[in-house]
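Please arrange chain V on chain A, whose structure you already have, making use of the hints.
So the sequence lines, in the order shown, correspond to chains A and V.
The first sequence begins at 28 in my numbering and counts up one residue at a time.
The second sequence begins at 28 in my numbering and counts up one residue at a time.
All the given hints hold, so there is nothing to weed out.
Which copy? The list can't say, so a pair holds if one copy fits it or any two copies do.
Below, a list of computed lysine to any residue pairs in the SDA-like style, where the Cα atoms sit at most 25 Å apart:
{"#": "1", "residue 1": "Lys36", "residue 2": "Gln293"}
{"#": "2", "residue 1": "Lys366", "residue 2": "Ala117"}
{"#": "3", "residue 1": "Lys396", "residue 2": "Asp313"}
{"#": "4", "residue 1": "Lys366", "residue 2": "Asp390"}
{"#": "5", "residue 1": "Lys57", "residue 2": "Asp423"}
{"#": "6", "residue 1": "Lys396", "residue 2": "Val374"}
{"#": "7", "residue 1": "Lys366", "residue 2": "Glu121"}
{"#": "8", "residue 1": "Lys396", "residue 2": "Ser426"}
{"#": "9", "residue 1": "Lys396", "residue 2": "Arg152"}
{"#": "10", "residue 1": "Lys396", "residue 2": "Asp423"}
{"#": "11", "residue 1": "Lys396", "residue 2": "Met28"}
{"#": "12", "residue 1": "Lys366", "residue 2": "Ala405"}
{"#": "13", "residue 1": "Lys366", "residue 2": "Ala118"}
{"#": "14", "residue 1": "Lys366", "residue 2": "Gln80"}
{"#": "15", "residue 1": "Lys396", "residue 2": "Asp344"}
{"#": "16", "residue 1": "Lys57", "residue 2": "Arg159"}
{"#": "17", "residue 1": "Lys57", "residue 2": "Ser426"}
{"#": "18", "residue 1": "Lys396", "residue 2": "Ile427"}
{"#": "19", "residue 1": "Lys57", "residue 2": "Glu163"}
Hints were generated in silico from the structure; no laboratory data involved.
Single-letter residue listing:
There are 2 protein chains.
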Amino acid sequence: MPVGLPLPKRDELSPVAGLDLFSVSAGIRKSGRRDLLLMRLVEGSAVAGVFTQNAFCAAPVQVCRGHLASGGPIRALLINTGCANAGTGAAGLEDARTSCAWVAEVCGLHPSQVLPFSTGVILERLPMERLRAGIELASCSGPSDWLDAAHSIMTTDTQPKAISRRVRLSTGQITITGISKGAGMIRPNMATMLGFVATDARLSREDLHGLLLSSVDDSFNAITVDGDTSTNDSLIGIATGASGLDVSRGTADWETFAVEWLAVCQDLAQAIVRDGEGATKFMTIDVVGATSRVEARQVAYAVAHSPLVKTAFFASDPNLGRILAAIGYSGVEGLDVSKVSVELNGVLVAERGGRATSYREEDGQSVMKEEEITVRIALGRGASQARVWTCDLSHDYVSINADYRS
Amino acid sequence: MPVGLPLPKRDELSPVAGLDLFSVSAGIRKSGRRDLLLMRLVEGSAVAGVFTQNAFCAAPVQVCRGHLASGGPIRALLINTGCANAGTGAAGLEDARTSCAWVAEVCGLHPSQVLPFSTGVILERLPMERLRAGIELASCSGPSDWLDAAHSIMTTDTQPKAISRRVRLSTGQITITGISKGAGMIRPNMATMLGFVATDARLSREDLHGLLLSSVDDSFNAITVDGDTSTNDSLIGIATGASGLDVSRGTADWETFAVEWLAVCQDLAQAIVRDGEGATKFMTIDVVGATSRVEARQVAYAVAHSPLVKTAFFASDPNLGRILAAIGYSGVEGLDVSKVSVELNGVLVAERGGRATSYREEDGQSVMKEEEITVRIALGRGASQARVWTCDLSHDYVSINADYRS
Chain A
28 MPVGLPLPKR DELSPVAGLD LFSVSAGIRK SGRRDLLLMR LVEGSAVAGV
78 FTQNAFCAAP VQVCRGHLAS GGPIRALLIN TGCANAGTGA AGLEDARTSC
128 AWVAEVCGLH PSQVLPFSTG VILERLPMER LRAGIELASC SGPSDWLDAA
178 HSIMTTDTQP KAISRRVRLS TGQITITGIS KGAGMIRPNM ATMLGFVATD
228 ARLSREDLHG LLLSSVDDSF NAITVDGDTS TNDSLIGIAT GASGLDVSRG
278 TADWETFAVE WLAVCQDLAQ AIVRDGEGAT KFMTIDVVGA TSRVEARQVA
328 YAVAHSPLVK TAFFASDPNL GRILAAIGYS GVEGLDVSKV SVELNGVLVA
378 ERGGRATSYR EEDGQSVMKE EEITVRIALG RGASQARVWT CDLSHDYVSI
428 NADYRS
Chain V
28 MPVGLPLPKR DELSPVAGLD LFSVSAGIRK SGRRDLLLMR LVEGSAVAGV
78 FTQNAFCAAP VQVCRGHLAS GGPIRALLIN TGCANAGTGA AGLEDARTSC
128 AWVAEVCGLH PSQVLPFSTG VILERLPMER LRAGIELASC SGPSDWLDAA
178 HSIMTTDTQP KAISRRVRLS TGQITITGIS KGAGMIRPNM ATMLGFVATD
228 ARLSREDLHG LLLSSVDDSF NAITVDGDTS TNDSLIGIAT GASGLDVSRG
278 TADWETFAVE WLAVCQDLAQ AIVRDGEGAT KFMTIDVVGA TSRVEARQVA
328 YAVAHSPLVK TAFFASDPNL GRILAAIGYS GVEGLDVSKV SVELNGVLVA
378 ERGGRATSYR EEDGQSVMKE EEITVRIALG RGASQARVWT CDLSHDYVSI
428 NADYRS
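Bound-form chain A, shown alone (with noise of 0.2 Å):
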């Protein structure tokens, strides 16, 4: 069961216009489920992406890279549920390329138009007469939903994750809408596997593309449930245009669309860890007063990364020391611990080095069984601070990993 999060509404998902979905069961791993999603754009939409910095990076991440460089513009994603294409080699690469060319026919375009992603298990290669079968069905289905689309990008999910918000410009109002995947093998490093938001606010590809390096540092690289780094970690933003709305830097409307796009970033990257693997609790991790912000996402890591912490959180057990020794073994060079101090949901756990003299373990007891958690470390070294949000470490996380491609 996810933690605090409320299935997506279909009637409060809106959609994107001049974006079409088309989602369809090609049954790329199991059948009966939705696993293959084509998404179609208008003409004259913007497409940025930011991708995984796994050296291993998947063969679709490399051709995205590519077509998103020299090729485009780009009119059309596809994206596959059930096998990553990932350590697959050259092979993997030509399969990938020859996905991208079978949509270019069916759609009119270029293949450099069109971006692939996929997602599943690593070091296996793509079916590819059930993808090319999918594609064709795909293109002549009748348009689909964001829940739809949502639920034909999930893997080990529990729930599809996907996001709407109705902005009101000075010129008029525009939608984001986004959806998301990712339970597992997640702590993104430049971006989340997999994540699409869209808007039909108009804005150029360059602006697109910083805007999605700024909220990704603060939504979706600000996430971990288990601390590994995928190989085909994606997150694509699309500006339509088709509200005809300009939020192009310098544009009066240019923060508030802003602020906006980093909230529906935020909450994607948030279901993904409230979703994640086997999780029961949510906890955030603050980690104050530090001497960088890189010092301080250090600490909060190391913390969100134990799974002593972890497995403390899943059972509700005020075993706090955990949490000392993790920041202590963060790698921060000449930690003062006697300015170190620790509290859980406001409540004083540790300072000066050692247990809060007004810590009781009744209240280290009554917080720990709350379904959501802030870790606030204040280390007293500087100014700079960075928040965290990580799971607990569940039975179930291992029985679904251990399960995962039975």
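Just chain V now, with coordinates in the frame of chain A:
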């Protein structure tokens, strides 16, 4: 059940002349089990130690460092389990000092001649009354043997860890006997929680310290269970000299002795992983072809710490793309994945950045079913290498750590 770790046999653990053991049940945390160990050393013994690099290092670690640096000569060691005396601030430091004073009192020593060690729950104070009673009980008990000693330092360990070697030198025969403990919060950084290796050979404190530093790197510093570096890690070397045989650096027997000493350290370190919390598999991660040892270790630890890799081993599922993903995000600058290959117990799984053409799923399946698996990763970048030992991530790991304090 530990992996490939036979129970130490009482009659195979040789006493170390010049060192007496007294192990009792002090009821520190639970009653009815041995939880306090007093070691007394003959006059003239050399003692050296290496300790955790965790900034939140425990009070006893701080006291040990002080007594080794400016106190001594060390004549007694006190070890308790059930409480780590870490994250306990100034009061915890005072408790550690007081326990040294009590040992000094019953043994007729100065407090600075005593080293204190604690292991167990962090952020809780030592139960000083029970500790004092335990020290008094130990001081008037008959001597214990090494198997009792190994029992009395256990926490979540499922079995005692002890090893003994009789070493023939050019001048006669000496003994090296050691014990270790630890099953969780295991990712030692300079030493592990806790190891004690003793010999009746004679060598200077400087030589002993040098030997400890060189052997720890290929033994205790090459293991990980969960990536959590403990606050209390301590490895202590003791040379009583009671055999009268000198093995100092420069003597004919130095090399022989150093090799045997390393072997004892490696066996004790591996024992910790074989009995790692919830372990069902023992993995050796060999990384070769790196540009430096640091780089090789970085890759080995990324693989060894990946929860996805660890759960795949638990499930005996050859979902081996997860190993590529971990290599990919390990942070090696400019890694050319087309030069990377991965073998499991001699089965080539990946080469040239993708699945090996010779690889068959049945071979992967059959290797993954084995209890001991060597993962060999060739980076194709240079001539450096590293080896790390680890275990899998099972349901029992979660159970043990969710229930640890209950």
